[in-house]
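Okay, here's what each chain looks like letter by letter:
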Amino acid sequence: MSKYRNSLLYVSIIGGCTALIYWVVTQGSKLEVNTKAVVSENTAWENFLQTLIHNLESPLALLLAQIVTIVLVARVFGWICKKIGQPSVIGEIIAGIALGPSLVGTYFPEFSAVMFPTQSLGNLSFLSQIGLILFMFVIGMELDLKILKNKAHDAVLISHASIVIPFALGMALAYYIFESFAPDGVDFLSFGLFLGISMSITAFPVLARIVQERGLQKTRIGTIVITCAAADDITAWCLLAGVIAIVQAGSFVSSLYIIALAFIYVIVMLKLVRPFLARIAKYQGNSKLLSKGTVAIFLLTLIISAYCTEVIGIHALFGAFMTGAIMPDNMKFRTIFIEKVEDVAVVLFLPLFFVYTGLRTEIGLLNEPYLWKITGLIILVATVGKFVGSAITAKFVGINWRDSLTIGALMNTRGLMELIVLNIGFDLGVMTGEVFAMMVIMALATTFMTGPLLDLIAKIFGPLGDEPQHKGVVIGKYQVFLFFEHKLSLAPLMKLANAFTGKSSVDTRITAMHMIDSQELNSFNTQDYEEEIFEAVQEQATEMDQEVQTYYKVSNDIESDVVGMVHQETCDLLLIEMGYSIYRGSVLGNILGFTTRIINPDVLLNKVTGREKLFENSWFNARTQQIMNRTKVPLGILINKDFQKLEHVFLPIFSKGDLKLLPYAQKMIRNNDVQVSILDATGELENHTEFKEHIRLIEQYKPNHIRIVSNKVVSKEFIEEFDLMLITLDSWKKLIETRSIWLNHAPSMLLMQSL
Amino acid sequence: MEYLYLFIIFLLLVIVGILLYFLLQYNKQRVAFEKEKDLFDTKIKYLQLENLESRLDPHLFKNILNSIQSHAYQTYYALDKMAGVLDYILYDSQRKLVTLKEEHEFALRLIDINKIKLNPLFRLDVRSNIGEVEALYAEDLVAPLICVELIENAFKHADLTGNDAFITILFKLKNGQFDLVVSNKKSSKGSLRKERGGYGLSALRERLHLIYGPYYKLEKSEDEQVHSMHLKINLYDFKAKMYTLR
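Protein chains in written order, with the numbering used here: chain A, 838 to 1592; chain B, 22 to 267.
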């Protein structure tokens, strides 16, 4: 009875209340005396449509739709750029320009009018400004001021020279084009200063990323460049603050008031706010989590600081940057905070800024060859100033040509920092639309050429950075590679690798690979992270008394790099842990799974080209699937079900292909004294005498280590005895499809895809 | 009257006598039965024992049979491979140059034959790394029997019974360059000098030199544990030279 009690209660409450409501409504409608029905002449369907369209056009809905479009398009363009070996920022900037009047606006004006109507740009602008404030905050935090204190007066010298030289050249250029290009009513000083400052910007985040992607961060030249860029950043932003002050005030003398105020602001930040924040951080220091209260204090500091600088007249971004830079030095603290803010700022808001910039950039304005010539001239001046300027200075302080040129090429990267400066200039009215468009093109061009320039330098002078510490090409050794994403999966994979190689390092080698997406990591914590990973691997290695090589890389495209690495070295077995597809198994997931694939266009590409079925029920996540599809070496995928020890292995044989597993079983017996039970499920062994004989032979040499069982039914008790099931991928898929119940009780599995 | 008593006594005596007789008879029979039963029991025991024995013996035989069967199979297997090897030596090696494919398959068969003398758990890794697009794989560019010497040497000098002994053999063809790497764990004892032999390697070197000239390299690397031979032939350049000479 109690089973039904709740249902009964439920029904009676709902039913009773419905009856009550109905009664009230009928009684209430009798009270109507003089009401007129608010009925429009339209039908119900038209009414509905009208509401829908109205809702579609409401500012919030429009803004949300814009964000969705922008983030998607930016990611696609970013991915394309990554594929051609350029930083994804370039793609995102180009996405912005493409969405603006230059491309979509020209060819699909209706779409443009609906998606980006002029009155909606204000919202977009504010949102992107908020994003920039957060972003500059992160940039400020990523700067490690200690680097500047300790290291290299050389770096500071190079950095300053690399600002002054392009600045001067920019001023000269301004003199040359002032008459024809400056907007009306702008004095030469403002125009010249702005052109100068925009020539001397270096994009710290883009540069840091390029340095990481090329694996230069630990080399001498990498450190120098990072330090240079950091110094450059600070100097340039200070200069910019001054320049803005001058432009706002109209003349140099009256700007002195603003500059004086700015000085007071900086002193207050350094002497009052910084110790205050540091003290808060100290009390928080122990726990890994920050309390909401602390976060509130820091974010408020950020916003108040940005507000102050905006009011003083040197732009809110400067305040945000400053706050970032004076954050407590405690590494952990900054890392936590960067993680908190960065994702939202970079993934969500930054593309908005790019598109906002793109919407204001009208390449169409440059409709005469003459204008393109000037653009070319601007690019030339920018490149010469920055590239040649820094390279010559670097050479002057005694760095060799190759490294000097590399420094020059890297410092020439302007990226999104340049866009920020340009937008400020455009807002201040120092630039016309034409000059703005030219400068945006310049920013793109200089960023774009960095990669090819580095390649060129590497081609002429030999590979960049220190010589890679390759411990000899170990041709002939049996090599097992393992790739792990989490430290947790390191131990089981190492255990497996050990079973395949044994302890001897004379004829075998284990390499543990870890790669991290360059976008997941900021320059600030790279080194710590690498050391942490390396330490974890060595710890495992010592525990197992096994020699293990480590391979760590900050990568642009992890799947390609994993596959490339195993193909380049003669790898005999690659071990990975299975990553589950988030959408595995549910009906919704099979449909939704498709949407997640848009975020990873590689997978989509495979589907389009037919390498993968469109709605294939994928049991693996995108990364595993990618590696599976592309690797040409034997691959073992571990499904970890609390894998602790390796003593008893189950090896079911369903088809001829499964016989390929025998050599692996043999290795396990030899190296780890594993006991192997072979289930001859379909009598396949009978047909292949060679294998049967091999098993018999092993049994004779090492009794009690291998046996053939032919239970037709695999019972729960039977399967639970084992530590690992070794099975080919194909057979595993078949088992899954036929929904074999005993799989539920199966131990950890190693799915082998051998070729 | 007296006769009646006598008759009764007589009758009683007779009855007792008969009873006694039957008793004795019965006892006799019982003893005989027991005797027979004992005999039967012992017979059964004996039979059981015999049965067990007869079951025990074939089992032993089965094990032995397993071994022999295994050996017989190995022999058959090896003979089969040997036939292939002989074919190659008899017919193909008469040609001046053979394809790398033929030579490769030949070498694999040779390794299979050599496997008979190995423990099935021996660490023998044979790997072939032939690029998918290597057209030179199927062109007549390789001197026959060129891989034999290195592989034979590995099996000859490896410490086949040692705990961490191994032999690794790698065939590789990439960008027109053929690599054969053969490494083995050295036996801890120095090799015994035999009356014949020691000729193979120098003959191979001479042959390589005559055929491939500057396009080959035969490198030996050795430390306390491992002996490794690396043969490199630049088939691509060799082919180019052959065509220009024609």
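Hints were generated in silico from the structure; no laboratory data involved.
Here the structure is a predicted model, which is why all the values come from computation and not from measurement.
One should not assume that every hint holds.
Computed from the model, here is a short list of chain A residues facing chain B with C-beta under 8 Å [to be verified]: (1) Arg1057; (2) Lys1177; (3) Gly1313; (4) Lys1324; (5) Lys1332; (6) Ser1341; (7) Asp1344; (8) Thr1407; (9) Ile1506; (10) Leu1522; (11) Thr1526; (12) Phe1528; (13) Glu1530; (14) His1531; (15) Gln1537.
For each residue, glycine too, the CB sits at the ideal point set by N, CA and C.
- Restraint outcome when Leu1522(A) is required to lie within 8 Å of chain B by C-beta distance: violated (14 Å)
- chain B contact restraint for Glu1530(A) - C-beta distance below 8 Å: Holds: closest Cβ of chain B sits about 5 Å from Glu1530(A), inside 8 Å.
- Item | Closest C-beta approach of Phe1528(A) to chain B relative to 8 Å, hint status | Hint on Phe1528(A): violated, closest Cβ of chain B at ~11 Å, above 8 Å.
- Message: For the restraint on Gln1537(A), tell me whether the closest CB of chain B is nearer than 8 Å.
- Response: holds (6 Å)
- Message: Thr1407(A) was flagged as interface toward chain B. Is the shortest Cβ-Cβ separation under 8 Å?
- Response: holds (6 Å)
- Interface hint for Lys1332(A), Cβ within 8 Å of any Cβ on chain B: Status violated, d = 19 Å.
- Agreement of hint Lys1324(A) with chain B interface, Cβ distance less than 8 Å: violated (30 Å)
- Query: Is the interface hint for Asp1344(A) satisfied, with its Cβ closer than 8 Å to some Cβ of chain B?
  - Reply: holds (5 Å)
- Quick one, is the Lys1177(A) hint okay against chain B at 8 Å, beta carbons? violated (48 Å)
- Message: Let's test the interface hint: is any C-beta of chain B closer than 8 Å to that of Arg1057(A)?
- Response: Status violated, d = 33 Å.
- Report holds or violated for the interface hint on His1531(A), using the least CB-CB distance to chain B and a cut-off of 8 Å. holds (6 Å)
- Message: Holds or violated: the hint that Ser1341(A) contacts chain B, with Cβ atoms closer than 8 Å.
- Response: Status holds, d = 5 Å.
Consistency with the previously given hints fails for numbers 1, 2, 4, 5, 10 and 12, ordered from lowest to highest.
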